[in-house]
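Number of protein chains: 2
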Amino acid sequence: MTDHTNRQFDTELEAVRSRFLQMGGLVESQIAAAVDGLANGDLELLERVVARDDEVNTYELEIDQACNHILARRQPTAGDLRMLITVVKMVTHMERAGDEAEKIAQQAKRIHEAGRRNMPAVEIWHMAASVTAMLRQALDAFARLDIQAAAQVVRQDKGVDAEWQGVIRQLVTYMIEDPRTISRSIELLFIAKALERIGDHAKNMCELVVYMVKGQDVRHTGLENIEREAASN
Amino acid sequence: MTDHTNRQFDTELEAVRSRFLQMGGLVESQIAAAVDGLANGDLELLERVVARDDEVNTYELEIDQACNHILARRQPTAGDLRMLITVVKMVTHMERAGDEAEKIAQQAKRIHEAGRRNMPAVEIWHMAASVTAMLRQALDAFARLDIQAAAQVVRQDKGVDAEWQGVIRQLVTYMIEDPRTISRSIELLFIAKALERIGDHAKNMCELVVYMVKGQDVRHTGLENIEREAASN
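Protein chains in written order, with the numbering used here: chain A, 29 to 261; chain B, 29 to 261.
No lab work stands behind these hints: they were computed from the structure.
Don't take each hint at face value.
A few chain B positions that, by computed beta-carbon distances, are all more than 10 Å from chain A [stated by the list, open to error]:
#1 D38
#2 S57
#3 D82
#4 A94
#5 Q184
#6 A190
#7 L217
For lysine-lysine, the following DSS-like pairs were computed, each having C-alpha atoms within a straight-line distance of at most 25 Å [unchecked claim]:
#8 A:K137 / A:K221
#9 A:K131 / B:K242
#10 B:K221 / A:K186
#11 B:K186 / A:K137
#12 B:K186 / A:K186
#13 A:K131 / B:K137
#14 A:K137 / A:K186
#15 A:K137 / B:K242
#16 A:K242 / A:K186
#17 B:K186 / A:K221
#18 A:K221 / A:K186
#19 B:K131 / B:K186
#20 B:K131 / B:K221
#21 A:K221 / A:K131
#22 B:K186 / B:K137
#23 A:K186 / B:K242
#24 B:K186 / B:K242
#25 B:K137 / B:K242
#26 B:K131 / A:K221
#27 B:K242 / A:K221
#28 A:K131 / B:K131
#29 B:K137 / A:K221
Output of the computed footprint for chain B on chain A, the stretches with three or more beta carbons under 8 Å from beta carbons of chain B [stated by the list, open to error]:
#30 80 to 94
#31 104 to 117
#32 196 to 203
#33 206 to 219
#34 241 to 250
This one's a predicted model, so the numbers in the text were calculated from it and none came from an experiment.
Just so you know, even glycine gets a beta-carbon here, dropped at the ideal spot from N, CA and C.
Bound-form chain A, shown alone:
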């Protein structure tokens, strides 16, 4: 490759990376807005989250197209190829995380439109804070090729899963004690489920970051193995 072609190739790779980080920033703000809207009953904010899911989808299509073009025209190898394949995989998870934010917003709209202001004090807010932090950290890990940070997210996901089980138990208890809370509790259950899924996607993305950096596929290999890979950085 000539120097010129090389520089252009680098520019294209950098454009994909930064586009993906922008997409991640949008999804992060979508989740935050959906959770804020749930907390404050801000219907306008919730409508905006639903409307902006289209922007998330557009990012997905554009990033995939850019990756396909680079793969077809530049025929990258080694680290560059791994980065592109990682982005192709990560973008699917990021789009799904955006979908979950939209689902939370839809569910929150229903809750507030039905005038259900008196929500059970379940651990949903804590789950929301955890998964938002995990998603941000997944993006940082990707941006900085930081597999220690990635391993941490995988560890945090265990905590979120435990919180999710706690929310289920708590909501079932509410429903049994006061069957008038059933509809409301089911709505909150779906919101908690969406948060749990976002945590999962953050974890999946971090496993892909480890692959991108180390060339080692750590999916399905357990937390200990991922932490070993991170330690041997």
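Assemble the complex: chain A is given as a structure, and chain B must be docked to it using the hints.
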């Protein structure tokens, strides 16, 4: 490329295709077994589904690795590149569909271990039949490059989503009428949710099949557009 390299390349592509179809066959049988186990309380069968999820995961890793190798060494273009990128994307959905089968089996185990034989007659069996058929058809569409079949699956997913909404309403009614059914109903709700997700993954895979065959990304473009692409075959 020499004839020999060409033949070897074709063999490699064919191996990826057939490995993916095998993985799909396994996931299909996992879903069927999980649903059978739920219906008949066959705990041994349910245990087997849980145990075999590892095989699904192994397929995912192997197929991704094979695709990466081909991309790195053969630098495919046009249709071959599209096929590989499609498989890289589809395999993520297939693995998730396998995860949902495992979740159904886990939930079914809990239901039967708690001796809850008297299950509400919700539309779960019909949903199960629908999504199993959709997954099989998604695999056929991939194998035969049949975008009419792919478009049909996308259409069927709307029906599954409607069934899912019906199951929620039905279970909420049960719970309100008889709060003793709350725990059991929540378990069934999660099973129905897993089935709905499998339908979604089948739909997502079919959108990717359309891309593979037509080179046109139809994700997020609506059913009408997908049917138009299929009609212009």
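Structure-based check of all given hints:
1. D38: holds, 19 Å
2. S57: Its Cβ never comes within 10 Å of chain A, the nearest being 20 Å, so this holds.
3. D82: B:D82 is in fact no farther than 10 Å from some Cβ atom of chain A, at 8 Å.
4. A94: holds, 12 Å
5. Q184: holds, 20 Å
6. A190: holds, 16 Å
7. L217: At about 8 Å from chain A, B:L217 fails to clear the 10 Å cut-off, so the statement is violated.
8. A:K137 / A:K221: Status holds; Cα separation ~17 Å.
9. A:K131 / B:K242: Violated: A:K131 and B:K242 sit about 31 Å apart, past 25 Å.
10. B:K221 / A:K186: Roughly 21 Å separates the two Cα atoms, so the pair holds.
11. B:K186 / A:K137: holds, 22 Å
12. B:K186 / A:K186: At roughly 33 Å apart (the allowed maximum being 25 Å), A:K186 and B:K186 break the hint.
13. A:K131 / B:K137: The hint is violated at about 29 Å.
14. A:K137 / A:K186: Violated, because 29 Å separates the two Cα atoms, which is more than 25 Å.
15. A:K137 / B:K242: violated, 38 Å
16. A:K242 / A:K186: The hint holds at about 23 Å.
17. B:K186 / A:K221: Distance of about 21 Å is within 25 Å: holds.
18. A:K221 / A:K186: Satisfied, since the Cα-Cα distance of roughly 14 Å is no more than 25 Å.
19. B:K131 / B:K186: Holds, at roughly 23 Å.
20. B:K131 / B:K221: At roughly 10 Å apart (the allowed maximum being 25 Å), B:K221 and B:K131 satisfy the hint.
21. A:K221 / A:K131: holds, 10 Å
22. B:K186 / B:K137: At roughly 29 Å apart (the allowed maximum being 25 Å), B:K137 and B:K186 break the hint.
23. A:K186 / B:K242: violated, 41 Å
24. B:K186 / B:K242: holds, 23 Å
25. B:K137 / B:K242: violated, 43 Å
26. B:K131 / A:K221: holds, 14 Å
27. B:K242 / A:K221: Given pair B:K242, A:K221 is violated - Cα atoms ~36 Å apart, limit 25 Å.
28. A:K131 / B:K131: holds, 21 Å
29. B:K137 / A:K221: Within the cut-off at roughly 21 Å; holds.
30. 80 to 94: holds (count 7)
31. 104 to 117: With 7 residues in contact (Cβ-Cβ under 8 Å with chain B), the coverage given for the segment 104 to 117 of chain A holds.
32. 196 to 203: holds (count 3)
33. 206 to 219: holds (count 5)
34. 241 to 250: holds (count 3)
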